[in-house]
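Q: Residue numbers (this note's numbering), protein chains in the order written: chain W, 12 to 285; chain G, 104 to 315; chain B, 2 to 206.
Keep in mind that the hints were calculated from the coordinates and are not lab data.
Nothing here was measured: the structure is a model prediction, and the numbers come from that model.
Worth double-checking, as some hints may not be accurate.
To give an idea of the chain W side of the interface with chain B (calculated C-beta under 7 Å), a few residues [claimed, not checked]:
#, residue
1, 94
2, 143
3, 147
4, 173
5, 175
6, 224
To spell it out: a stretch of chain W is covered by chain G in this simulated footprint if at least three of its residues, at any positions, have a beta carbon under 8 Å from a beta carbon of chain G; those stretches are [as the list claims (entries may be wrong)]:
#, stretch
7, 129-142
8, 193-207
By construction, the Cβ of each residue, glycine as well, lies at the ideal position given by its N, Cα and C atoms.
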Amino acid sequence: MNFYERLMNLDRRWVYLVVGIAVIIPVLNPFRVPVYVTQEVKAIYDCVESLEPGDILFLAIDYDPQAMAEVHPMAKAIMRQCFAKDVKLIISALSQNGPGMAEQLISELSKEFGKKSGIDYCYLGYKPYFSIVILGMGQNFRIPFPTDYYGVPLDSLPMMRGVQNYDDVKVVIDISSGNITDYWIIYGNGRYNVKLAVGVTGVMTANYYPYLASGQIFGLMGGLKGASEYEVLSKQGDRAIKMMSIQTTAHIVIILFIVAGNIGYFMSRKKKIK
Amino acid sequence: MDLGTIIWNTVALFLTLCIFSFLYKDNPFYKFAEHLVVGVSAGYFAIILYFNGFLPKVWEPVTQRGEWWYLLPTILGMMTWARFSKKWSWISRFAIAFYMGIAVGVAIPLEMQQRVIKQLHATMLPVHFTNIQGVWNLLIMLGVLCGLIYFFFSMGHKGVVGGAARLGIWILMIGFGAGFGLTVMGRISLLADRITEIHNWYLMVTKALWGF
Amino acid sequence: MRRQLPIIIVFVSGAFMAIQYFIPHDAGVFFYEYGLDWIIVIGIFAMLLGIWSLFKVQLDKVVKRSPGWGYSVVALGGLFFMLIGGPLWGIEEGTPFMKVFWYIYTPIQATMFSLLAFYIASAAYRAFRARTVLATILLLTAMVIMLRLIPLGPISGPNQKLATWILMVPSMAANRAILIGIGLGIVATCLKIILGIERAYMGRD
Chain W
12 MNFYERLMNL DRRWVYLVVG IAVIIPVLNP FRVPVYVTQE VKAIYDCVES LEPGDILFLA
72 IDYDPQAMAE VHPMAKAIMR QCFAKDVKLI ISALSQNGPG MAEQLISELS KEFGKKSGID
132 YCYLGYKPYF SIVILGMGQN FRIPFPTDYY GVPLDSLPMM RGVQNYDDVK VVIDISSGNI
192 TDYWIIYGNG RYNVKLAVGV TGVMTANYYP YLASGQIFGL MGGLKGASEY EVLSKQGDRA
252 IKMMSIQTTA HIVIILFIVA GNIGYFMSRK KKIK
Chain G
104 MDLGTIIWNT VALFLTLCIF SFLYKDNPFY KFAEHLVVGV SAGYFAIILY FNGFLPKVWE
164 PVTQRGEWWY LLPTILGMMT WARFSKKWSW ISRFAIAFYM GIAVGVAIPL EMQQRVIKQL
224 HATMLPVHFT NIQGVWNLLI MLGVLCGLIY FFFSMGHKGV VGGAARLGIW ILMIGFGAGF
284 GLTVMGRISL LADRITEIHN WYLMVTKALW GF
Chain B
2 MRRQLPIIIV FVSGAFMAIQ YFIPHDAGVF FYEYGLDWII VIGIFAMLLG IWSLFKVQLD
62 KVVKRSPGWG YSVVALGGLF FMLIGGPLWG IEEGTPFMKV FWYIYTPIQA TMFSLLAFYI
122 ASAAYRAFRA RTVLATILLL TAMVIMLRLI PLGPISGPNQ KLATWILMVP SMAANRAILI
182 GIGLGIVATC LKIILGIERA YMGRD
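With the sequences and hints as input, model every part of the structure.
A: Here it is as structure tokens:
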């Protein structure tokens, strides 16, 4: 095997090792990379920033632990921004393993900002069949959620008095790692004209640009980059911003591997033709 | 930082390393962690269903508010359990049929409206050459049209249709390339988070042991 | 009757829900809301099917001492700990139930998916060859999108603009074409289910 054929056929464990080193180095020697803010993320920030104290924002935390790295910083930054502005939150968790994520986030931030359940926020929890739940909430939150996550009837919560459905909510932001986002767009925005923005994982981001272009959603945060952009704008947290340096080194390594593989391929092909 | 938190974080680190060991090869540590997560996730979900689902939607309405009609969907729900019996599995069809009917019934008008009509409407953009946006609008219209023609297999891809399908696959390749680039970012961020957590454990333990 | 009645139920409930969207009469809304409510209750019980199935499979392995039955004991142990711990200690933040969720379930799940970073790097290295024009287009587009995360000095600005243009114009057009195709497919499948042409959900006799 000549040099170019070897370049093309490196053992995968070498690739794993180099990627691992590329990720570890920025953790041990942190540095910052500039974060360019896009219009679609700024639109979400501007919307939340324009809310007045007492306005209600519906935050749908629809992701599982496997996507936590990318979208948890988004949910945290939005929640912190709302609590700092005394905007009230209604929170749901429609993915199977989402309730735990939401509970941890709410517990941590409510203690930090001195917020009380039922007064400053209402955590609805989980119900199965998210598409049906999204439709049900459009009629009345009490159809799928007669009580909140802690078992307290919604009617006895001060902030839920007079709050029936999406009409009483200024905006819905869905942070998701699966196809629940599709149903927020199709059922939530489609049937009830919900003003909707979404935060999704990197893998899903490209799929939602058609909805952004058509106006069915007004904002889109994509993956860790989207989370870092929101953190830059809101100045609420910096976990995603710190992790962008790791993204940078890992991407450089992967691009170099792709280039090396292609050089090996073309040079080997050239030698074979000769 | 109390001892309990340090112990729990150490358990989390151990399990993280068990999963990472799979990169070398399959081994008992990986299998242990894999089976543990399967059991824990099933148990977790069952309890969430109980506290968030059964208690507020069935038990409390029936026993505390006298809303006995909730027993009807409860019976339908229990009928789905007949799925496991070869002799009685036909009983589960009624509950499944009820769910399927409602789910597809609400889907038809909304899917048509949101995925098809609104998207087609958004594709009808003004095409002009007074500024660059008009050119991009033309590209978007052609891209959507040719992409749809590529997936239309009832007609042979020859002549004009073949040319449009060719342009369509080029546009689709740009879409897939963008998707791949974003996927790489997504996957790397998952790894970055775990390495950050391992580093945080190291900092926590060194601070607990040596105060810095 | 075992096959006809479910088909009739699907047709009646499906047609009602589809028509109700266009005729928001109070009576229609009443049945619509109750229909949604009932589905959620049915779902609570239907979701337990998966958990029972898991329990049976793992128990069978332990009883029959199949290869790897020790791991099934671990799975069952995790299952029972959560089933007992939840009602015993509650499910709020700080309880043993939530600690197991945070320090056992979450790291394992997150780490399993983080392995994909290695696999995607390896797959990109092996499979991403500019063999044809189409492969080259895909490769170059992916590179532009990946490069937007790397500070490139004076080239960063133009690269960001190019990446944004790719996402908002050609990539958006491609995804929109796929979306329209998916939408038409979903509507066609839903119609087939309502009209009784598609009956796979009923299973076999």
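Q: Decide, hint by hint, whether the structure agrees.
A: Outcome of the hint check:
Annotation: interface hint on residue 94 (chain W) violated; nearest CB of chain B at approximately 17 Å, more than 7 Å. With 7 Å as the threshold, the beta carbon of residue 143 (chain W) comes within range of chain B, its nearest partner Cβ sitting at about 5 Å, so the hint holds. Checking residue 147 (chain W) against chain B by beta carbon gives a least distance of about 4 Å; that is within 7 Å, so the hint holds. With a cut of 7 Å, the hint placing residue 173 (chain W) at the interface with chain B is violated, because the nearest CB-to-CB distance is about 19 Å.
Using the Cβ-Cβ criterion of 7 Å, the hint placing residue 175 (chain W) at the interface with chain B is not satisfied: the shortest such distance is roughly 12 Å. Against a cut-off of 7 Å between C-beta atoms, the interface hint on residue 224 (chain W) holds, since the closest Cβ of chain B lies about 6 Å away. Coverage of a stretch by a chain is defined here by at least three residues with a beta carbon nearer than 8 Å to that chain's beta carbons; for the stretch 129-142 of chain W and chain G the count is 6, and the condition holds. Counting residues of the stretch 193-207 of chain W whose beta-carbon sits less than 8 Å from any beta-carbon of chain G gives 6, enough to reach three: the coverage restraint holds.
Checked against the numbered hints above, the structure violates hints 1, 4, 5; every other hint is satisfied.
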